[in-house]
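Colleague: Here is how the chains run, residue by residue.
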Amino acid sequence: MSVAKRNYPKAWLLVLPVVLMVAFNAVIPLMTVVNYSVQDTFGNNQFFWVGLEWFEEVLRSGRFGDALGRQLLFTTLVLLIEIPLGLMIALGLPKSGWRASSYMMLLALPLLIPWNVVGTIWQIFGRVDIGLAGSAINAVGIDYNYTQDALDAWITVIAMDVWHWTSLVALLCYSGLKSVPEVYYQAAAIDGASRWAIFRYVQLPRLRQVLIIAFLLRFMDSFMIYTEPFVVTGGGPGNATTFLSIDLVKLALGQFDLGQAAAMSLIYFLIVLLVCWLFYTIMSVGDSQPDTRQ
Amino acid sequence: MKFRKILPRAHVIFILLPVYWLVNMSFKSNQEILSTLSLWPQDFTLENYATILTDPSWYSGYINSLIYVLLNTVISVSIALPAAYAFSRYRFLGDKHLFFWLLSNRMAPPAVFALPFFQLYSSIGLFDTHLAVALAHTLFNVPLAVWILEGFMSSVPREIDETAQIDGYSFPRFFTKIFAPMIASGIGVTAFFCFMFSWVELLLARTLTSVSAKPISAIMTRTVSASGLDWGVLAAAGTLTIIPGMLVIYFVRNHIARGFAMGRV
Chain A
1 MSVAKRNYPK
11 AWLLVLPVVL
21 MVAFNAVIPL
31 MTVVNYSVQD
41 TFGNNQFFWV
51 GLEWFEEVLR
61 SGRFGDALGR
71 QLLFTTLVLL
81 IEIPLGLMIA
91 LGLPKSGWRA
101 SSYMMLLALP
111 LLIPWNVVGT
121 IWQIFGRVDI
131 GLAGSAINAV
141 GIDYNYTQDA
151 LDAWITVIAM
161 DVWHWTSLVA
171 LLCYSGLKSV
181 PEVYYQAAAI
191 DGASRWAIFR
201 YVQLPRLRQV
211 LIIAFLLRFM
221 DSFMIYTEPF
231 VVTGGGPGNA
241 TTFLSIDLVK
251 LALGQFDLGQ
261 AAAMSLIYFL
271 IVLLVCWLFY
281 TIMSVGDSQP
291 DTRQ
Chain B
1001 MKFRKILPRA
1011 HVIFILLPVY
1021 WLVNMSFKSN
1031 QEILSTLSLW
1041 PQDFTLENYA
1051 TILTDPSWYS
1061 GYINSLIYVL
1071 LNTVISVSIA
1081 LPAAYAFSRY
1091 RFLGDKHLFF
1101 WLLSNRMAPP
1111 AVFALPFFQL
1121 YSSIGLFDTH
1131 LAVALAHTLF
1141 NVPLAVWILE
1151 GFMSSVPREI
1161 DETAQIDGYS
1171 FPRFFTKIFA
1181 PMIASGIGVT
1191 AFFCFMFSWV
1201 ELLLARTLTS
1211 VSAKPISAIM
1221 TRTVSASGLD
1231 WGVLAAAGTL
1241 TIIPGMLVIY
1251 FVRNHIARGF
1261 AMGRV
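Going down the list, the protein sequences come from chains A and B.
106 is the number that the numbering used here gives to position 106 of the first sequence; each next residue is one higher, with no gaps.
1003 is the number that the numbering used here gives to position 3 of the second sequence; each next residue is one higher, with no gaps.
Only chain B is shown next, with the shape it has when bound in the complex:
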């Protein structure tokens, strides 16, 4: 077998090994984890998952994360749509500078913004709400959404717009009835990336919440207790965070490659 056919397989195995170990560990009791090293659970248990799924202070973390991620996706895509249309169709004062200014925010290290964000959102009374995290994540998701959508929109010929105008379509009707369906896959891909980057981010989400909107990733640090780390529960919590991502990938699996190319993510 040729090297170039083997490499993707080898890399996939490399990707799956640590994940397999995490899942394997999530079905073991803490004692088993610490006493023996085995490739599959000797004493199969769902105890760790039961701990998480029956304790509101655990599972509310998943709900909180999903709420702010979805909120962020909706906000990012809906305000990016008109902006991307403007960038792809019109020339206006400062358009190029504006585009690069937007993109430069994708380059801002979140660590730089953690403290000022905390102060900003505290001062407007949004600290510890889902909305605060959703708005904060627009810092990197809105520029990204504009960038991806602009790519998709520019691939639709401009003649379509003019023909619709001649046919007497008003702009809002043209946009919702004709244009949006034409770039539907682009909107899907954009939503996918907004979901992805909001879901994986921890630093800002943790800084902006304390109790009622705390994300699951921050709650996971709770497993450190006086008696040491509860590895089994930690592994189960980690496994559960992989599931939403896998579901989302499954739905966009045939669009990922195209999305990457069009969207220049």
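The following block holds chain A by itself, in its conformation from the complex:
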């Protein structure tokens, strides 16, 4: 096919700026976090070694477990809604022309709104007194108030995330669908394939790669969500929508509990890395199976 990659040790020079930049931004702060996580202080910048105490405390306290549970539930729900919905939207989009590019622009709209503005938009939209959705739902006779009822707060936060991110899944799937050659559809039509058969045997195999990416991206980003729910619910009512990042910021910048916050950061980061690595490995095992396509 193409010329093989050449062995070229000096390529390191080309990568060096990126490595230095990312090392500066990632390694130094990470070391700071590790440093805090094994020390305690009584102020005056005097630190002393406490070993793994903070980690034990974080894992033993119910607080981290609760936030993690809420986080997992949120991420699962968001993935269950956004991936199928985005895929179905992509299947219904026009293939080309001005209508296709108008759809692209409208779908991309929520992706480019600053995250706190996304929160503001939904706050304004959902409030019972001044919001369109909030007052409409109450006018129909359903009792809805996201600032007081935990379930309503959850529905609002999930609806907001679906509003914000389904477009990303839809755009990814759409770009995957565009890579299906027209002759495949013609062949399927000659065979008299049903819509389902076309989807299952022509479109889905081509979508595999983008679906993996969509899944991983949505997993990572929903697991780190902070700004949007913070603006809308502030983590409440009570602790109902306090997800991991919100809890972490409360601990670090609110209570200035550095040791515990650092230990929590590391556990948090490790969970994200582990889950991504697991999915990546499981999904790329499927990749190495013999390909039935050409």
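Some hints here could point you the wrong way.
[Said to hold, decoys possible] When the alpha-carbon atoms are kept at most 20 Å apart in a straight line, the in silico EDC-like pairs for lysine to aspartate or glutamate are as follows:
#, chain 1, residue 1, chain 2, residue 2
1, A, Lys5, B, Asp1128
2, B, Lys1177, B, Glu1162
3, A, Lys250, A, Asp66
4, B, Lys1177, B, Glu1159
5, A, Lys5, B, Asp1043
6, A, Lys95, A, Glu182
7, A, Lys250, A, Asp40
8, A, Lys250, A, Glu57
9, A, Lys10, B, Asp1043
10, A, Lys5, B, Glu1162
11, A, Lys5, B, Asp1161
12, A, Lys10, B, Asp1230
13, B, Lys1177, B, Asp1161
14, B, Lys1177, B, Asp1167
15, A, Lys10, B, Asp1095
[To be verified] Where chain A lies over chain B, by a calculated footprint (3+ residues, C-beta under 8 Å):
#, stretch
16, 1031-1037
17, 1042-1054
18, 1077-1088
[To be verified] Cβ-Cβ distance ranges computed for the label pairs, FRET-style:
#, chain 1, residue 1, chain 2, residue 2, range
19, A, Ile190, B, Leu1066, 50 to 56 Å
20, B, Leu1053, A, Asn239, 36 to 42 Å
21, A, Ala23, B, Glu1047, 48 to 54 Å
FYI, nobody ran anything at the bench for these hints, they're computed from the structure.
Where a beta carbon is used, it is the ideal one built from N, C-alpha and C, also for glycine.
Based on the hints, put chain B in the right spot on chain A.
Modeller: Relative to the frame of chain A, chain B by itself:
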């Protein structure tokens, strides 16, 4: 009409409704917002926009945000270009591990880094500068830029490089005269995503600034005052933050789909 044709329309309406409500509210006075619920402004006013556009402490937020976003885009793309070329063309010691290490930074929750970043940038004297935010945002934008550009570059056959070499092109000349124009749309798409992720981020931008480089999203929290929230100004400020994004989308509208596919964003 078939369900699969209706679904995209329904979703677009779902996207537009909250935005419509925001824009609608931005043209209302605060009194009207709190007293009546109407589908369009009864008493149309530009007062809220005037408040923002005449007060430097408001509009400087937009300028600050745009400065660090553009700075970040330039830095990210220019250092990612050679790296992406190396990943797409050469094998070298630790290349695969390096690639995944870079990507793992895309998975780091910004909340984890907020406090250490504050200390790091304070200690080197960059706190409250545009450069600090631009550099901090490279944490997630550089890995992303390398990833997208590598995808675009790998789709250019390697024979091109060798032919150019035989024809006597030096590497820098080959890169700028031949290679860069071939992946121009890829560079555009990469810049788009760097712009996007830097523009929407708040947590790090807010942590690293206090006065002179404060982003608009942080200034918006000012609308909370003793007399309650100034909803009208908040809505106007929100509406204004949507505009730069819409302009950028307009320019890349025909490349978005391709960019997503090539770039595996």
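Colleague: Given the range 50 to 56 Å, decide if the beta-carbon distance of Ile190(A) to Leu1066(B) lies inside it.
Modeller: holds (54 Å)
Colleague: Given the hint that Lys250(A) pairs with Glu57(A), does the C-alpha gap stay at or below 20 Å?
Modeller: holds (17 Å)
Colleague: Taking a Cβ-to-Cβ distance below 8 Å as contact, does the stretch 1077-1088 of chain B have at least three residues touching chain A?
Modeller: As far as the stretch 1077-1088 of chain B goes, the hint holds, because 7 residues have Cβ atoms under 8 Å from chain A.
Colleague: Decide if the proposed pair is consistent with the structure: Lys5(A) and Glu1162(B), CA atoms, cutoff 20 Å inclusive.
Modeller: holds (12 Å)
Colleague: Just to be careful, I want the Cα atoms of Lys5(A) and Asp1161(B) compared with a cutoff of 20 Å; is the pair within it?
Modeller: holds (12 Å)
Colleague: CA of Lys250(A) to CA of Asp40(A), is that 20 Å or under?
Modeller: OK: Lys250(A) and Asp40(A) at ~18 Å, within 20 Å.
Colleague: Between the alpha carbons of Lys1177(B) and Glu1162(B), is the straight-line distance 20 Å or under?
Modeller: It holds: about 15 Å lies between the C-alpha atoms, which stays within 20 Å.
Colleague: Hey, Lys10(A) versus Asp1095(B), does the alpha-carbon distance stay inside 20 Å?
Modeller: holds (12 Å)
Colleague: Keeping to a limit of 20 Å between CA atoms, is the pair of Lys5(A) and Asp1128(B) held or broken?
Modeller: violated (44 Å)
Colleague: Tell me if the beta carbons of Ala23(A) and Glu1047(B) are separated by a distance inside 48 to 54 Å.
Modeller: Roughly 50 Å apart at Cβ, these two residues keep to the hinted range, so it holds.
Colleague: Holds or violated: are the alpha carbons of Lys1177(B) and Glu1159(B) at most 20 Å from each other?
Modeller: Holds: Lys1177(B) and Glu1159(B) sit about 16 Å apart, inside 20 Å.
Colleague: Within 20 Å, alpha carbon to alpha carbon, are Lys250(A) and Asp66(A)?
Modeller: Distance ~15 Å between Lys250(A) and Asp66(A) Cα, so the pair holds.
Checked against the numbered hints above, the structure violates hints 1, 5, 9, 12 and 17; every other hint is satisfied.
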